[in-house]
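S.K.: So the protein sequences, as listed, match chains A and B.
Each residue of the first sequence is one higher than the last, beginning at 1 in full-length UniProt numbering.
Each residue of the second sequence is one higher than the last, beginning at 1 in full-length UniProt numbering.
These are computed hints drawn from the structure, not numbers from a lab.
Warning: the hint list may mix true and false statements.
Which chain A residues face chain B? A few, computed with CB under 8 Å, are given here [as the list claims (entries may be wrong)]:
id : residue
1  : Y13
2  : G14
3  : L50
4  : L52
5  : P66
6  : N68
7  : P72
8  : A73
9  : I77
10 : F81
11 : F87
12 : P88
13 : E102
14 : R103
Think of the CB as a built atom: it goes at the ideal place given N, C-alpha and C, for glycine as much as any other residue.
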Amino acid sequence: MAEIAFRNVCKSYGATVAVKDMTFTVHDNEFFCFFGPPLSGKTTILRLILGLERPDSGEILIDGRPVNGVAPAGRNIAMVFQNLALFPHMTAEENIRFPLVERGERPDRIAARVGEVARKLRIGHILHKPPALLSGGERQRVAIARALVRDPVAYLMDDPISALDARLREEARVELKRIQREAGRTLIYVTHDQEEAMSVADRMAILEEGCLSQIGTPSEIYDRPVSASVACLLGSPVMNILPLTKEGTAAGGAIRLPPVLRPQAAAFIGIRPENLHVLQQDNDEDGSCRVTDVEPLGGTTVVTVDAGGAVLRAVLRGQPDIHIGSRVTIRVDVAHVHFFGSGGEALHQHREGLA
Amino acid sequence: MSRSLSFECLRYAAILVALAITLVPILWMVSMAFKPVAEWQATGSDLTWIPKDPTLDNFRYIFGESSSNLIVALERTAVKPILSSLLSATLGTLIAMSAGTAAAYGLSRYGTGANLPLALLQLRLFPPMAVMIPVMVMWSWLGLMDSWYGLALIYGIVTLPFAFWLMKVFFDDMPREIEEAAQVEGCSRWRVFTRVTLPMMRAPLASAALFVFILNWSDYLIALLLTTREWVTIPVYMASLSSSMTGQLYGAKAALGLIAAVPPVLLGIMIQRHLVRGLTFGALRQ
Numbered sequence: 001m002a003e004i005a006f007r008n009v010c011k012s013y014g015a016t017v018a019v020k021d022m023t024f025t026v027h028d029n030e031f032f033c034f035f036g037p038p039l040s041g042k043t044t045i046l047r048l049i050l051g052l053e054r055p056d057s058g059e060i061l062i063d064g065r066p067v068n069g070v071a072p073a074g075r076n077i078a079m080v081f082q083n084l085a086l087f088p089h090m091t092a093e094e095n096i097r098f099p100l101v102e103r104g105e106r107p108d109r110i111a112a113r114v115g116e117v118a119r120k121l122r123i124g125h126i127l128h129k130p131p132a133l134l135s136g137g138e139r140q141r142v143a144i145a146r147a148l149v150r151d152p153v154a155y156l157m158d159d160p161i162s163a164l165d166a167r168l169r170e171e172a173r174v175e176l177k178r179i180q181r182e183a184g185r186t187l188i189y190v191t192h193d194q195e196e197a198m199s200v201a202d203r204m205a206i207l208e209e210g211c212l213s214q215i216g217t218p219s220e221i222y223d224r225p226v227s228a229s230v231a232c233l234l235g236s237p238v239m240n241i242l243p244l245t246k247e248g249t250a251a252g253g254a255i256r257l258p259p260v261l262r263p264q265a266a267a268f269i270g271i272r273p274e275n276l277h278v279l280q281q282d283n284d285e286d287g288s289c290r291v292t293d294v295e296p297l298g299g300t301t302v303v304t305v306d307a308g309g310a311v312l313r314a315v316l317r318g319q320p321d322i323h324i325g326s327r328v329t330i331r332v333d334v335a336h337v338h339f340f341g342s343g344g345e346a347l348h349q350h351r352e353g354l355a
Numbered sequence: 001m002s003r004s005l006s007f008e009c010l011r012y013a014a015i016l017v018a019l020a021i022t023l024v025p026i027l028w029m030v031s032m033a034f035k036p037v038a039e040w041q042a043t044g045s046d047l048t049w050i051p052k053d054p055t056l057d058n059f060r061y062i063f064g065e066s067s068s069n070l071i072v073a074l075e076r077t078a079v080k081p082i083l084s085s086l087l088s089a090t091l092g093t094l095i096a097m098s099a100g101t102a103a104a105y106g107l108s109r110y111g112t113g114a115n116l117p118l119a120l121l122q123l124r125l126f127p128p129m130a131v132m133i134p135v136m137v138m139w140s141w142l143g144l145m146d147s148w149y150g151l152a153l154i155y156g157i158v159t160l161p162f163a164f165w166l167m168k169v170f171f172d173d174m175p176r177e178i179e180e181a182a183q184v185e186g187c188s189r190w191r192v193f194t195r196v197t198l199p200m201m202r203a204p205l206a207s208a209a210l211f212v213f214i215l216n217w218s219d220y221l222i223a224l225l226l227t228t229r230e231w232v233t234i235p236v237y238m239a240s241l242s243s244s245m246t247g248q249l250y251g252a253k254a255a256l257g258l259i260a261a262v263p264p265v266l267l268g269i270m271i272q273r274h275l276v277r278g279l280t281f282g283a284l285r286q
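Isolated chain A, as found in the complex:
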């Protein structure tokens, strides 16, 4: 039940700028995800919201109220830390109870709340154990339970499931989404995993070196990245970025774009691997493209193509009859080509005009 906003917030540690003049608003009841490479300022943003760090300048607002001078305990925000930060000298139950005890809740209400949360997260059977005796997944549940047990205005989570193995992560992801929906609270989530960010977030923000590059729904950002670097952060394998010649060719002439189809200022083009079509060539007439690697992943196959010296990656459905060394031609629908200027900035208007 809170809207959290940054107004021109700056924070540096010595010479390192962690957060650069950042302004954004996380809406009430939103699953909001911060995504960026390591050291992009994700964790610092959470620490600023929590009040564990003070901004050098700018204002942090919770529900429109400036909280710059408010201590962490007074902000009523719950947090799940990256290393979970369970209290090792307490049992799981004492850990979960801790926030309520510190806030002076009545014992009967504490017992009721702990029971309720333990049921919701299915950890009733491990409440008596200390964290050291719990598995990774159980610890994570206890940490989330400690955050859920009270009634904060927002939940913050710093990559809480990064320690789990791939299968458990998928489960945890689904569960987090369910928990957020049921709790009906703002949830701010930080991750370095693009797939995780895109799958859970209502809206997300892309961070690069302490700057907010783009903010929007995952599909908005995926379909209309503001720059080549943002485009490369989302999607796996990464987008193919190719320099575009004055004549409108790329990849050694394998891709040709007539002038009417491309913006004047375009210096680079970007093609998502799933939009690149690779066709088997019967004869060797167009010999400029050669397959250098094939990675069958079951449902899809990633094919690496050498096109006139440029390395392109394509994701194809199923397991096509393409082998290393095959001669191929590549095709791309111009509606799916991203154009970037010489500085990497996206040139969206032209694409919209074309569509």
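Based on the hints, put chain B in the right spot on chain A.
M.R.: Below, chain B alone, put in the same frame as chain A:
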């Protein structure tokens, strides 16, 4: 296989030698404590590990029951020195541990007083002899001479650097997020310290305190200079257990040594569970 066998033999041989060097003198002291005067200075075939005529006379002697075997009557008994050692070492340990822990925590968490660690270490860089005479003058001026609390105070000061450095390493190794979690969940800084930090530090605190206590307990020089009659400690008292007529009172010294070994050993056993964890704290990832 044969190579690893010979290696094992060597290993056990080395362990046996090390054990012998450590344990034999202690066992000899235990044996001596129960020997009558006649056996104190036995040589040749008279020399035995097990006292031929075991007796508690040595203990009776230092606690003031005059014994016919011992010519010299003692000026004072061991009761007061034992009390003095217990009081001064315990209070000194409390002073060093509380001040050292507070300083280490502040420095580790807030980074204030960046020069403090070396400044404290400086206390240990002076040869004790160079410091003790001026301290004697100061203590005399403050009226702290020959008192258990005067001793406790200087013990606290002298062992403070140990307490500080040990605790600082432990605090530095403690994950900061745990305290931050407590803060976020509604604790003030002070509550964080008492509810989360100190309980988590139980093992390190126990091992550091034992270490500091042993240092204080075995001090001789400071007590020699700062006490004269009333509050001499066990080591000082032990040195006085000799006379021009009888020479060293070996049996009495051994008996006193045996008694002096009891408190540290007891403490060690009491906190044994914490000791291993405390001394390896931070070396193991959870």
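S.K.: For every hint, state whether the structure bears it out.
M.R.: Right, here's what the structure says about each hint:
1. The beta carbon of A/Y13 is not positioned within 8 Å of any beta carbon in chain B (closest approach about 12 Å), and the interface hint is therefore violated.
2. The restraint placing A/G14 at the interface with chain B is violated, with a minimum CB-CB distance near 12 Å, outside the 8 Å limit.
3. Taken as an interface hint, A/L50 checks out: its beta carbon lies about 5 Å from the nearest beta carbon of chain B, inside 8 Å.
4. Interface hint status for A/L52: upheld, as the beta-carbon distance to the closest one in chain B is roughly 5 Å, under 8 Å.
5. Taking 8 Å as the C-beta contact cut-off toward chain B, the hint placing A/P66 at the interface is violated, the least distance being around 19 Å.
6. Hint status for A/N68: violated, given a least beta-carbon distance of 16 Å to chain B, over 8 Å.
7. The restraint placing A/P72 at the interface with chain B holds, with a minimum CB-CB distance near 4 Å, inside the 8 Å limit.
8. Interface restraint check for A/A73: the shortest CB-CB distance to chain B comes to about 5 Å, inside 8 Å, so the restraint holds.
9. At about 7 Å, the closest approach between the beta carbon of A/I77 and any beta carbon in chain B falls short of 8 Å, and the interface hint on this residue holds.
10. With a cut of 8 Å, the hint placing A/F81 at the interface with chain B holds, because the nearest CB-to-CB distance is about 4 Å.
11. Hint on A/F87 holds. Least Cβ distance to chain B is approximately 6 Å, under the 8 Å limit.
12. Proximity of A/P88 to chain B holds as hinted, the smallest CB-CB distance being about 6 Å (cut-off 8 Å).
13. Interface restraint check: A/E102 against chain B, minimum CB-CB distance 4 Å, threshold 8 Å, status holds.
14. A hinted interface residue such as A/R103 counts as satisfied when its beta carbon comes closer than 8 Å to some beta carbon of chain B; here the least separation is about 5 Å, so the hint holds.
Checked against the numbered hints given earlier, the structure breaks hints 1, 2, 5 and 6 and satisfies all the rest.
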